[in-house]
Amino acid sequence: AAGCHVCHLVAKGAELSPPQLPPKPKLPVHLNGEWLSLRCEVQPLGLFLARRLLFQPGNGSWSGWFQYYRDPNCKQRWFLLSRQGTYELAGPSQRLRGATKVNLRTLAAQILPQHRGIVTNLNSAAEDGRCGSRWSLRRTQDVTATGGCRLLGVSVPSTAYEVAHNELDVYGNALLFLGHADTDGEASRPDRRATAYETPLVQCRSLPEPSNELSGRPLALVSGGAAVRPLLLCWLPLLLQLVARD
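Sequence positions in the sequence shown follow full-length UniProt numbering and run 1 to 246.
Worth flagging that the hints you see were computed from the coordinates, not collected in a lab. Be aware that one or more of the hints could be misleading.
For each label pair, taking beta carbons as the anchor points, the in silico distance ranges come out as [unchecked claim]: (1) Asp71 with Lys12: 43 to 51 Å; (2) Thr144 with Glu88: 17 to 25 Å; (3) Thr144 with Gln43: 31 to 39 Å; (4) Tyr197 with Gly147: 26 to 34 Å; (5) Asp71 with Gly147: 29 to 37 Å; (6) Asp169 with Ser124: 38 to 46 Å; (7) Glu88 with Gln20: 47 to 55 Å; (8) Gly58 with Asp169: 24 to 32 Å; (9) Leu151 with Lys12: 53 to 61 Å; (10) Gly46 with Ser133: 25 to 33 Å.
Please read all numbers here as calculations on a predicted model, not as lab measurements. We put the beta carbon where it would ideally sit given N, CA and C, even for glycine.
Please take these sequences and the hints and turn them into a complete structure.
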């Protein structure tokens with residue numbers, strides 16, 4: 001294509017002499033706003049996940065909604081985990097090029113069981129006082145007072161020592177990459193930050209001022225190969241939830 005420098009480099013390349021493409025510009029880490037999963041994400045123990053994160057720079061707070069499913073299409077809900085806390089940027093990562101260290105502190109957490117199977121598991125864990133009290137289907141329970149829920153690997157208070165990186169996709173949408181979570185069950189430590197990224201999140205919008213307006217919004221993932229503009233993304237969680245409602 002005329003005027004396409006990258007296209008010209010690729011056309012001149014060969015099997016024994018691959019094209020040397022220019023590196024992507026390095027973007028400063030930008031957490032501000034609401035970020036959504038693009039697709040169903042694979043998790044340990046045969047579970048799948050859709051995430052929504054909200055960072056409010058005005059007061060240094062963050063909230064996360066982690067919707068877990070039992071199927072790879074993210075249709076069969078298992079439970080919803082909500083977290084709230086504070087965050088801070090801790091400088092460039094020495095282990096992962098282009099990443100910035102981020103400390104995510106969880107100060108409160110809630111769990112909404114959405115299947116009878118997880119209700120049974122939670123009630124067994126609650127007997128020793130380490131995962132809330134008596135659980136019921138589709139009733140949210142705050143587990144802050146019991147220090148979280150050991151069964152689900154939730155500790156309150158706790159700090160996740162993360163890494164973050166931003167990129168732009170081909171449509172100009174902002175992407176947020178966070179560190180790939182450990183699966184060995186050990187607590188997060190500053191010297192054990194991730195060296196690889198999870199599936200990226202896409203930004204719905206920026207929030208220049210603190211806002212609590214998102215706290216009651218349903219959660220759903222964003223999927224599809226077409227260009228998706230940020231304004232549309234803001235409405236997708238609500239629209240998809242209405243379409244997919246059981």
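Hint check:
1. Asp71 with Lys12: 43 to 51 Å: holds (46 Å)
2. Thr144 with Glu88: 17 to 25 Å: About 21 Å separates the Cβ atoms of Thr144 and Glu88, which means 17 to 25 Å holds.
3. Thr144 with Gln43: 31 to 39 Å: violated (23 Å)
4. Tyr197 with Gly147: 26 to 34 Å: Holds, since Tyr197 and Gly147 (Cβ atoms, about 29 Å apart) stay within the stated range.
5. Asp71 with Gly147: 29 to 37 Å: Between Asp71 and Gly147, where Cβ atoms are some 31 Å apart, the hint holds.
6. Asp169 with Ser124: 38 to 46 Å: holds (43 Å)
7. Glu88 with Gln20: 47 to 55 Å: violated (38 Å)
8. Gly58 with Asp169: 24 to 32 Å: holds (27 Å)
9. Leu151 with Lys12: 53 to 61 Å: holds (57 Å)
10. Gly46 with Ser133: 25 to 33 Å: holds (27 Å)
When each numbered hint is compared with the structure, violations occur for hints 3 and 7.
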